[in-house]
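One-letter residues, chain by chain:
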Amino acid sequence: MESFLAALLLQAGYNAALVGIGAALLGFAAGAAGTFLFLRKRALVSDAVAHATLPGIGLAFIVLVALGGDGRNLIGLLAGSAVTAWIGLICVEWMARRTRLSEDAAIGAVLSVFFGIGIVLLTVIQTLGTGRQAGLEGFLLGSTAGMLFEDAVLIAIGGGFAVLATWLLRRPMTLVAFDPDYAAASGYDVRRIDIAIMALVMAVTVIGLKLVGLVLIVALLIIPPVTARFWTERAELVIWSAGALGAVSGYLGAAISASAPALPTGPIIVLVAAALFLFSLLFAPARGVAAALIGHRRFQVRVHRRQGLLALTREEPILEPYTLRLLTAEGLTRPDGVATEAGRAQAAKVARDEHRWEVARDIHQDAALTGRYDGLTPIEEVFTPDEIAEFDRRIGAPRAIEGPA
Amino acid sequence: MGAEFVQFSLTPILIGVLASVACALPGNFLVLRRQALIGDAISHVVLPGIVVAFLVTGTVAAMPMLIGAAGAAILAVILIEAIKRLGRIEPGAAMGVVFTALFAAGVLLLEQSDTSNVHLDVEHALMGNLESLVWLRAEGWHSLLDPVALAALPDELGRIAVVCAVVVALTALFWRWLKISTFDEGFARGLGLPTGAIGLGLVIAAAVAAVAAFDAVGSIIVIAMFICPPAAARLMTNRLEAQVAWSVLFAVLSAVLGYVFAGYGPLWFGAENAVSAAGMVATVSGAILALACLFGPHRRREGVGAVPGT
Amino acid sequence: MSPDLTLAAQSGQPAPAAPDLAPLAVRGLTVSYGETPAVFSVDASFAAGAMTAIVGPNGAGKSTLLKAALGVIPRLSGEVTIFGAPIDAARDRIAYVPQRASVDWDFPTTAIGVVLMGLYRKVGLIGRLTGAHRATALACLDRVGMAGFAERQIGQLSGGQQQRVFLARALAQEADLYLLDEPFAGVDAATEKAIIDVLKHLRDEGKSVACVHHDLATVRDYFDRVLFLNVRRVAEGPVETTFTAENLNAAYGGRLAATHIDELQLASA
Numbered sequence: 001m002e003s004f005l006a007a008l009l010l011q012a013g014y015n016a017a018l019v020g021i022g023a024a025l026l027g028f029a030a031g032a033a034g035t036f037l038f039l040r041k042r043a044l045v046s047d048a049v050a051h052a053t054l055p056g057i058g059l060a061f062i063v064l065v066a067l068g069g070d071g072r073n074l075i076g077l078l079a080g081s082a083v084t085a086w087i088g089l090i091c092v093e094w095m096a097r098r099t100r101l102s103e104d105a106a107i108g109a110v111l112s113v114f115f116g117i118g119i120v121l122l123t124v125i126q127t128l129g130t131g132r133q134a135g136l137e138g139f140l141l142g143s144t145a146g147m148l149f150e151d152a153v154l155i156a157i158g159g160g161f162a163v164l165a166t167w168l169l170r171r172p173m174t175l176v177a178f179d180p181d182y183a184a185a186s187g188y189d190v191r192r193i194d195i196a197i198m199a200l201v202m203a204v205t206v207i208g209l210k211l212v213g214l215v216l217i218v219a220l221l222i223i224p225p226v227t228a229r230f231w232t233e234r235a236e237l238v239i240w241s242a243g244a245l246g247a248v249s250g251y252l253g254a255a256i257s258a259s260a261p262a263l264p265t266g267p268i269i270v271l272v273a274a275a276l277f278l279f280s281l282l283f284a285p286a287r288g289v290a291a292a293l294i295g296h297r298r299f300q301v302r303v304h305r306r307q308g309l310l311a312l313t314r315e316e317p318i319l320e321p322y323t324l325r326l327l328t329a330e331g332l333t334r335p336d337g338v339a340t341e342a343g344r345a346q347a348a349k350v351a352r353d354e355h356r357w358e359v360a361r362d363i364h365q366d367a368a369l370t371g372r373y374d375g376l377t378p379i380e381e382v383f384t385p386d387e388i389a390e391f392d393r394r395i396g397a398p399r400a401i402e403g404p405a
Numbered sequence: 406m407g408a409e410f411v412q413f414s415l416t417p418i419l420i421g422v423l424a425s426v427a428c429a430l431p432g433n434f435l436v437l438r439r440q441a442l443i444g445d446a447i448s449h450v451v452l453p454g455i456v457v458a459f460l461v462t463g464t465v466a467a468m469p470m471l472i473g474a475a476g477a478a479i480l481a482v483i484l485i486e487a488i489k490r491l492g493r494i495e496p497g498a499a500m501g502v503v504f505t506a507l508f509a510a511g512v513l514l515l516e517q518s519d520t521s522n523v524h525l526d527v528e529h530a531l532m533g534n535l536e537s538l539v540w541l542r543a544e545g546w547h548s549l550l551d552p553v554a555l556a557a558l559p560d561e562l563g564r565i566a567v568v569c570a571v572v573v574a575l576t577a578l579f580w581r582w583l584k585i586s587t588f589d590e591g592f593a594r595g596l597g598l599p600t601g602a603i604g605l606g607l608v609i610a611a612a613v614a615a616v617a618a619f620d621a622v623g624s625i626i627v628i629a630m631f632i633c634p635p636a637a638a639r640l641m642t643n644r645l646e647a648q649v650a651w652s653v654l655f656a657v658l659s660a661v662l663g664y665v666f667a668g669y670g671p672l673w674f675g676a677e678n679a680v681s682a683a684g685m686v687a688t689v690s691g692a693i694l695a696l697a698c699l700f701g702p703h704r705r706r707e708g709v710g711a712v713p714g715t
Numbered sequence: 716m717s718p719d720l721t722l723a724a725q726s727g728q729p730a731p732a733a734p735d736l737a738p739l740a741v742r743g744l745t746v747s748y749g750e751t752p753a754v755f756s757v758d759a760s761f762a763a764g765a766m767t768a769i770v771g772p773n774g775a776g777k778s779t780l781l782k783a784a785l786g787v788i789p790r791l792s793g794e795v796t797i798f799g800a801p802i803d804a805a806r807d808r809i810a811y812v813p814q815r816a817s818v819d820w821d822f823p824t825t826a827i828g829v830v831l832m833g834l835y836r837k838v839g840l841i842g843r844l845t846g847a848h849r850a851t852a853l854a855c856l857d858r859v860g861m862a863g864f865a866e867r868q869i870g871q872l873s874g875g876q877q878q879r880v881f882l883a884r885a886l887a888q889e890a891d892l893y894l895l896d897e898p899f900a901g902v903d904a905a906t907e908k909a910i911i912d913v914l915k916h917l918r919d920e921g922k923s924v925a926c927v928h929h930d931l932a933t934v935r936d937y938f939d940r941v942l943f944l945n946v947r948r949v950a951e952g953p954v955e956t957t958f959t960a961e962n963l964n965a966a967y968g969g970r971l972a973a974t975h976i977d978e979l980q981l982a983s984a
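Residue numbers (the working numbering), protein chains in the order written: chain E, 1 to 405; chain R, 406 to 715; chain Y, 716 to 984.
Warning: the hint list may mix true and false statements.
[Stated by the list, open to error] Now the stretches of chain R that chain E is said to cover, found in silico as 3 or more residues with beta-carbon under 8 Å: (1) 485-493; (2) 539-547; (3) 682-695.
[To be verified] A few chain Y positions that, by computed beta-carbon distances, are all more than 12 Å from chain E: (4) K908; (5) N945; (6) E961.
Calculated directly from the structure, the hints in this document are not laboratory data. Since this is a predicted model, take the numbers as computed values, not measurements. Note that the Cβ used here is the ideal one computed from N, Cα and C, for glycine as well.
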């Protein structure tokens with residue numbers, strides 16, 4: 001706990017502080033960049049990109065060793081991973097466009113086959129020389145243990161650049177993500193902006209390899225935007241809140257991981273993001289599970305009450321047991337289906353509104369207004385009091401308000 | 406092809422073949438339903454499923470692991486549906502949220518618990534270890550008739566054989582339901598078929614196949630088994646029956662060639678050590694898919710609105 | 716207290732409703748997607764041996780009504796009977812033709828393969844599909860003029876041909892009630908004629924047909940009865956008396972231009 005607090009307050013050493021800041025920046029860039037991908041409905045393309053980095057890491061290592069260098073040079077490995085990630089992306093697009101396979105099959109094929117090739121290369125590396133492959137497995141699930149100072153700086157700088165690029169490109173990318181046709185009509189090159197989105201996603205993936213690992217980096221691109229979507233309907237807000245959620249996940253996850261170095265970093269960061277998501281799924285005010293359950297229940301009650309009252313106005317029997325139980329419980333009918341005083345009063349109001357709608361639909365043959373004649377929308381919501389008074393005048397007697405009962 | 410082959414290669418090849426076929430069969434329907442990535446999700450949630458099963462029972466017995474994996478798959482499907490509907494989130498993103506979160510939980514649970522005495526670790530879960538499933542008691546082909554030697558066959562072989570047989574039987578039994586609900590779900594419901602249960606059953610069958618195959622090839626290469634053979638098969642034919650037959654052929658080819666290349670390929674190049682068999686199986690299945698994409702007779706979309714094929 | 720209380724005051728003990736033996740009867744059917752009703756409290760009873768058009772503007776819930784009646788989508792409230800029986804007891808008597816756009820025509824199967832799906836309920840899960848079944852399927856394809864295309868992959872068929880295959884599948888079910896969701900949407904004139912001929916023939920055999928229909932210009936020529944729907948039931952009855960300008964206006968609001976209405980050879984109100 002103490003070491004966690006220390007890490008949280010950037011007091012756990014220079015490296016850990018840099019990693020924490022880097023993770024926060026990376027999380028922000030991933031959340032924001034992921035939003036564009038998510039709005040383009042291509043979230044899982046990033047999964048193919050992420051898994052396609054593995055053969056690049058292996059090849060880069062082999063090339064670096066062959067050139068006489070240290071195979072663990074992070075810049076070299078990341079450059080290699082970017083190359084195969086890009087090839088993987090091209091493969092996905094080619095299969096989806098040029099064959100009859102759908103994009104999801106292409107994604108699954110690319111991610112698993114590239115990963116398989118990567119595994120083969122890792123076993124090749126194991127045979128090259130003993131011990132030198134150490135650390136490559138860290139790219140699978142992320143690891144901050146034993147991270148070099150230069151690596152931490154690289155992650156922090158890379159994260160900073162990714163955030164900057166997201167900010168610079170936010171307008172064209174939002175436009176393309178929301179309405180590609182409109183963007184094209186306004187003179188944007190949709191194809192190039194799409195490539196920019198994918199490049200940003202790839203940059204985030206590559207920067208995050210060491211920290212989160214290639215199996216789970218996709219979570220940082222997907223979970224924050226989906227979480228943010230539960231809280232807001234506005235695009236700009238989704239982008240920035242997804243960024244903020246990603247930053248919090250990255251920072252908290254890195255801090256927890258710094259205090260428990262044995263644990264892989266990736267899963268911890270992902271679980272922090274997932275916890276934020278779970279909370280939103282359950283309790284978000286408009287779209288959460290709790291709100292949805294309550295809303296659906298209320299809606300069902302409204303429908304059944306209304307249908308029951310309509311049956312009363314038409315002097316028809318109430319057939320559905322649930323409707324009858326509901327009206328009885330509310331004191332509107334007796335258990336045998338006969339209306340009580342209160343029930344008749346409400347039925348009368350329903351009948352009057354139905355009359356008013358009839359007149360309204362006759363006068364206003366305007367789809368926008370009469371389209372709201374769906375049985376549930378109160379007429380007072382659609383027409384002004386004087387308009388309703390006019391309907392009542394046309395209906396004629398009995399006048400609703402005047403005169404004692 | 407003597408005693409050494411029986412000892413070290415026969416059982417891994419058999420396990421690889423059975424695992425590939427068990428995954429490819431449900432994979433056909435997943436690919437046709439545009440749910441290929443459900444295979445992705447399932448193979449990732451197998452890990453938390455078996456870790457929880459291990460923590461609850463304390464053993465790595467087959468039954469609890471299968472139940473754990475199937476349970477995790479059902480949980481994942483329910484969560485994906487809930488997120489899709491409540492948040493009005495596209496299926497890909499919903500899947501991405503669920504399987505990464507569950508996988509992360511599985512990794513963490515695994516790292517936290519003491520699994521040093523059982524064969525269960527994260528790298529193994531990701532990459533598999535087909536080569537280790539050898540039959541040491543075998544002395545040659547005649548051992549196939551020797552009850553003592555047969556009793557020492559790796560457990561995984563029996564497990565995957567049973568699972569493969571069950572998957573084949575279920576596919577045959579529910580063939581018509583699967584076909585009709587995959588092609589036209591609305592019509593199938595109009596006929597009164599339980600399409601929801603059919604879809605869930607398919608996912609559970611895939612999960613059981615995944616957990617049995619997982620031992621041998623790991624969770625990510627299982628995805629290649631689900632997707633590559635059926636996808637390649639789709640490009641070879643326009644009939645479901647033939648597609649499934651092609652997919653089984655491709656699955657068997659991938660498993661056999663993958664194992665042979667991994668074990669003997671490096672020797673051909675003068676290297677001494679074998680490379681990962683599971684990785685090579687995925688690589689071969691990818692090569693088959695690539696060939697099908699380039700030369701498959703039905704690789705292009707045809708008919709209304711499509712460019713005429715060549 | 717308002718004086719129009721009298722409206723419901725004299726309602727005594729409601730009489731129990733007699734079972735409706737109509738091919739398809741719905742009472743109080745409500746379906747919602749989210750918090751807006753797509754169909755609200757609709758009562759409708761389709762006449763036996765007649766062709767009924769279900770018409771209404773876009774988003775009026777026409778397809779939803781059919782799907783909910785068949786249990787393809789869940790309903791919020793309401794009861795459905797098929798020939799007086801609950802839906803699950805009467806599945807064998809219904810044939811449903813979904814919208815053509817609702818399926819993936821890239822699916823690996825042939826025209827006759829689709830028609831044979833219409834027999835799956837009859838042959839069960841493992842019952843053998845015999846030569847006789849294939850002959851039946853081929854005969855159904857022949858009735859829609861598609862016998863020569865039996866072995867064609869369905870993705871290679873034109874839109875109209877695909878619709879005919881769907882109709883042939885429904886014919887293979889040998890049902891008493893045929894429910895079709897926009898069978899004429901996006902098909903060529905020849906197909907439209909072929910389909911309507913088959914449907915009229917079914918009607919003449921005493922079967923009942925109901926179609927979700929878009930083209931107001933053909934309602935009079937094709938159908939005997941019409942159900943106007945716009946979330947709620949607007950009107951229902953024989954075309955001669957119900958297909959009126961008044962009902963059209965009520966269903967479509969101001970969406971139909973007056974000139975358009977003039978061209979529809981409406982019944983005089």
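Hints versus structure:
{"no.": "1", "hint": "485-493", "in the structure": "holds (count 5)"}
{"no.": "2", "hint": "539-547", "in the structure": "violated (count 0)"}
{"no.": "3", "hint": "682-695", "in the structure": "holds (count 9)"}
{"no.": "4", "hint": "K908", "in the structure": "holds (33 Å)"}
{"no.": "5", "hint": "N945", "in the structure": "violated (8 Å)"}
{"no.": "6", "hint": "E961", "in the structure": "violated (9 Å)"}
Violated hints, listed in ascending order, are 2, 5, 6; each of the other numbered hints is respected by the structure.
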